[in-house]
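Protein chains in written order, with the working numbering: chain A, 12 to 73; chain B, 12 to 952; chain C, 426 to 493.
Source of the hints: derived by calculation from the structure; they are not laboratory data. One or more hints might be untrue.
[Claimed, not checked] Coverage of chain B stretches by chain C, computed from C-beta distances (three or more under 8 angstroms per stretch; other residues unrestricted): (1) 478-484; (2) 571-583; (3) 903-912; (4) 922-932.
We put the CB at the ideal spot given by N, CA and C, even for glycine.
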Amino acid sequence: MGKTIKQREGAVMIVGGGIAGIQAALDMTELGYYVYLVEKAPAVGGVMAQLDKTFPTNDCSI
Amino acid sequence: MITNADFLALEGNPGNFTAKLNIRPRYIDADLCTACGLCTQYCPKHHVDPYNEGLSITRPIHIDYAQAVPATYYIDPSSCMYIQHETCQICVPVCQSHAIDFSQKPETRELTIGAVILSPGFGKIAPETLEKYNYGKHPDVVTAFEFERMTNASGPFLGEIKCFSDGRHPKSIAFIQCVGSRDLGCDNGYCSSVCCMYAIKEALVTKEHDPEVDITIYYMDIRTQGKDFDAARERAEAIGVKFIRAKVADVTPWENHLKLTYSTFDGQHKFDSHDMVVLSVGLESPKDAKGIAKATDIELNKYDFCQTETFSPLQTSQEGIIVAGAFQGPKDIPESGTQSSGAATLASIILKNQRGKGTESKEYPEEITVSDDEDVRIGVFVCHCGINVSSVVDCPEVAKDAGKMDNVTYYTESLYACSQDAQEQIKQTIKDQKLNRVVIAACSPRTHEPLFQETLKDAGLNRNLFEMVNIRDHCSWVHANEPEAATDKSKDLVRMGVSKAARIQPLPEQTVPVIPKALILGGGIAGMTVALSLADQGFESVLVEKSSSIGGNLQNLKNTLAGETVASFLKNLTMKVTKSPKIDVVTDAALTQSSGFIGNFNSIIESGKEKKKEQSVDHGVIVIATGGHEHRPDLYQLGKSKKVVTQKELETKLAGRAKNRAPNSIVMIQCAGSRGEDLNYCSKVCCNHAMKNILKIKEINPESQIIVLYRDIRTYGFAEDAYLDARKKGVVFIPYEVDRKPVVSTQGTKVQVDFFDSIMQEDVSMTPDLVTLSVGLVPDGTEELSKMLKLPVTSNGFFLEAHVKLRPVEAAVDGIYLCGLAHAPKPIEETIVQAQAAAAKAAIPLVKGFVTVDPIVSSVEQDDCIGCGLCTSLCPYGAIIMEKVGKKRKAKTISASCKACGICASHCPTFAISMGGFTNEQLISQIEAFGNKTVEEKVEA
Amino acid sequence: MSDKSFSPKILGFLCNWCCYAAADAAGVSRFQYPPNLRTVRVMCTGRVDPSFILKGFLEGADAIFTGG
């Protein structure tokens with residue numbers, strides 16, 4: 012990743028890379044926009060990555 | 012993706028913002044790191060692992076979890092010896108790929124962007140709040156987040172639940188609800204909306220680990236208001252989880268147990284001892300909420316969450332800045348996901364003129380041709396899924412067994428085959444070993460097949476040269492107590508999969524164009540929002556409304572709970588919809604027929620009051636927003652006495668001018684006909700509706716005596732403030748049990764209510780001026796539509812989404828999207844968000860302009876076709892037509908309509924039809940492989 | 426063969442959309458069931474040609490299960 016990235020048209024910045032940020036990023040990409048997903052931690056995923064099962068079906072969360 | 016970065020400042024206007032970021036150094040070059048983990052093994056310093064909620068120790072140089080994205084290790088500067096004291100540096104020579112770089116400096120970066128979506132999540136309750144429960148002092152008092160990591164199979168204790176004090180397995184666990192929420196002691200008056208669910212989930216998981224363990228949940232109200240959430244609570248109760256309605260005063264050590272002192276609602280003080288106490292801690296506003304607000308100039312509410320309005324739930328006070336997820340208010344995963352898609356719609360509207368200009372499409376390497384005469388080279392990858400598979404199934408044995416099979420040139424195991432590093436390995440292996448077929452034995456192809464097929468594509472293989480074997484969902488999970496049998500079964504399934512894989516052929520990708528128009532069913536708030544959201548992104552739609560005017564249920568509402576006026580909003584919205592040149596509104600209309608597939612639907616709409624006329628519409632997607640209506644149960648004298656009304660009727664009455672519209676004594680009965688009577692679910696809105704009316708009554712007539720008989724008050728989120736307000740204003744709330752429901756009877760014009768007062772522990776009989784029933788909501792027309800569009804509905808008659816968390820607004824059928832009350836009962840705010848989310852999902856194929864057809868469809872070998880027409884008559888989707896080829900009739904498949912069911916193939920008398928990925932040859936060889944085992948076993952026996 | 430030791434070999438054809446999904450759901454819910462079934466995923470049980478069933482018996486299946 013270089014320090015200077017060319018300016019992109021139609022870009023959106025998403026602050027926070029938890030489940031909400033990731034979902035928004037995926038949708039924006041599919042809708043044809045460039046996404047900057049900004050996350051303060053070293054990896055995206057947020058709290059959901061800490062969960063094993065999810066309510067009410069106890070599905071695997073990853 | 013920019014990780015390890017802090018968002019500092021934002022300048023500019025919607026469409027043209029500049030954001031400033033500070034990117035903190037990882038001290039590891041992301042391009043070089045292979046995530047091998049050697050550095051962590053050698054690092055001598057300990058570091059408390061926040062990913063495991065501080066329950067385990069890692070090293071300063073580490074990765075949070077195996078599937079982390081990006082799969083790059085990082086050094087936490089707070090405990091690294093070199094960064095702190097300039098010593099050590101052991102990791103530098105250890106790293107084989109020379110990725111460690113201590114010269115990295117923080118970097119400032121500016122981004123030019125058109126819109127901002129804020130999704131910083133939530134913060135955690137301060138430990139001081141938890142101290143009164145002895146948290147931090149006694150090791151066996153843990154938060155639910157910590158408990159979550161303990162129960163997790165990939166967590167620090169591999170899923171074993173132990174008391175920290177002496178390592179014993181707890182035989183009795185208490186959950187305390189509402190810790191740090193609904194708690195004025197820490198200024199969090201709101202309800203966190205998720206804790207009841209996770210407590211029940213954790214209780215169920217714990218019971219699964221150890222059915223003998225005794226679990227008690229101490230609660231004020233169980234708020235399982237979401238779709239089908241009550242069923243989980245009932246399931247928990249059925250397997251013996253105890254629910255006690257009480258407030259816990261304190262937790263004190265008592266021998267090697269913990270003593271809970273609690274007061275029940277009837278005023279009794281009780282004690283009980285447990286081995287372990289789990290605090291169901293709430294969600295707070297994110298730690299940096301104030302910083303974000305300062306950087307973006309957005310307003311926060313009194314709890315430091317983002318301030319939004321009921322009618323524009325995702326819009327912050329600044330144009331161009333959108334909010335999604337828990338920062339907008341505490342919420343669960345499906346709600347967060349839905350909000351994110353909704354936020355994408357809003358951002359897309361802002362940026363619509365620049366759509367597609369900044370993106371580059373992903374490029375795949377050229378596909379390697381795999382010809383028939385080439386040797387089959389199969390690679391088998393057996394996934395441990397952490398310990399999900401490997402704790403039961405002997406994975407090395409399964410892999411070794413596969414290795415013995417014909418055509419298998421390579422076999423290996425993988426801890427998590429789906430993780431990013433494992434994917435890279437698979438790609439590399441395909442190249443190195445010149446594999447031309449891949450078999451992965453892991454979880455379900457229903458969830459992971461697309462992921463692995465993408466991997467194949469990246470490696471230059473046709474994505475159909477892939478077969479997945481399910482040794483988790485169908486094996487380790489369901490035969491947990493029979494490891495040997497499970498291993499045998501896995502071996503058999505892998506053998507069958509390999510055998511099939513040897514005969515699979517590459518299939519070409521197909522695409523079909525999309526008609527850029529939407530059909531929206533239902534002209535209520537949901538349908539109108541979808542239509543406008545699509546119009547604002549540049550897409551046309553036809554809005555079909557069954558009544559003679561659009562507006563739906565909103566036409567009957569006066570105010571929102573937050574106080575906004577409904578009528579002016581509705582008028583404005585209706586005007587925008589009717590004036591939009593991109594929206595064609597058809598009233599008094601019904602869908603009578605629909606055929607086609609994503610991208611190419613054709614529907615017949617019948618409209619007009621007396622003189623019916625029909626119109627045919629070609630469109631690419633369908634959005635279902637048919638809504639719902641109030642259920643009128645034949646209970647509590649509703650419809651028999653004038654003094655018994657529903658909340659909706661009361662709202663209308665209160666908005667009128669009648670003198671006695673807010674009488675002096677009112678009894679409200681919640682869950683009238685819901686949660687187990689006529690309706691088997693919670694309608695989510697009734698408690699809020701009751702609060703809204705109560706506060707209105709108190710405004711008109713402060714003297715009015717109001718008694719609310721309820722089962723659980725479910726004013727989740729910030730609506731809790733209204734509940735508190737009502738109680739402050741002297742409204743009496745009395746819980747009733749299902750087996751002791753209130754009874755309403757009439758005597759002349761009087762209406763009498765008899766109920767058991769669970770607080771005073773006595774029977775009460777009274778004759779109020781008015782009885783108001785909180786009745787539930789039922790969906791409209793889902794039965795007919797589900798038949799016409801072949802969509803599944805839940806047992807309660809609501810449309811079923813494709814996946815509760817991952818695809819909450821998509822229907823099972825491609826190209827059909829759901830929102831509003833037809834999906835599940837929900838308040839206005841959530842309906843709007845869901846409609847915006849549905850608009851985002853519906854816009855995706857419209858934007859792309861084409862859809863890719865899964866090549867597993869049928870195809871006809873016309874040379875073998877004798878033109879009997881049996882397939883055409885049998886196909887349930889009208890996907891096979893007869894055409895004239897020369898002088899003969901031949902069958903032909905319309906790929907995009909084909910659902911790949913294979914009825915045609917199994918009935919074709921000349922075997923002229925074959926199914927992509929499921930040919931006769933493949934399936935027969937799979938069956939033969941099933942047989943091999945039996946032969947082997949007989950020999951052994 | 427005594428009744429007690431009889432452990433049948435069952436071959437199952439599961440529809441991707443319902444029965445296969447249900448088998449996944451059984452896994453997710455950790456329902457335990459006897460390990461005698463070996464499955465073949467099809468996109469719909471409509472795909473199951475009668476010859477597949479006969480073939481299954483020929484290959485030694487004691488029973489054939491189709492779920493769709």
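> Taking each numbered hint in turn, which are not upheld by the structure, reported in ascending numerical order?
Replying inline: 2
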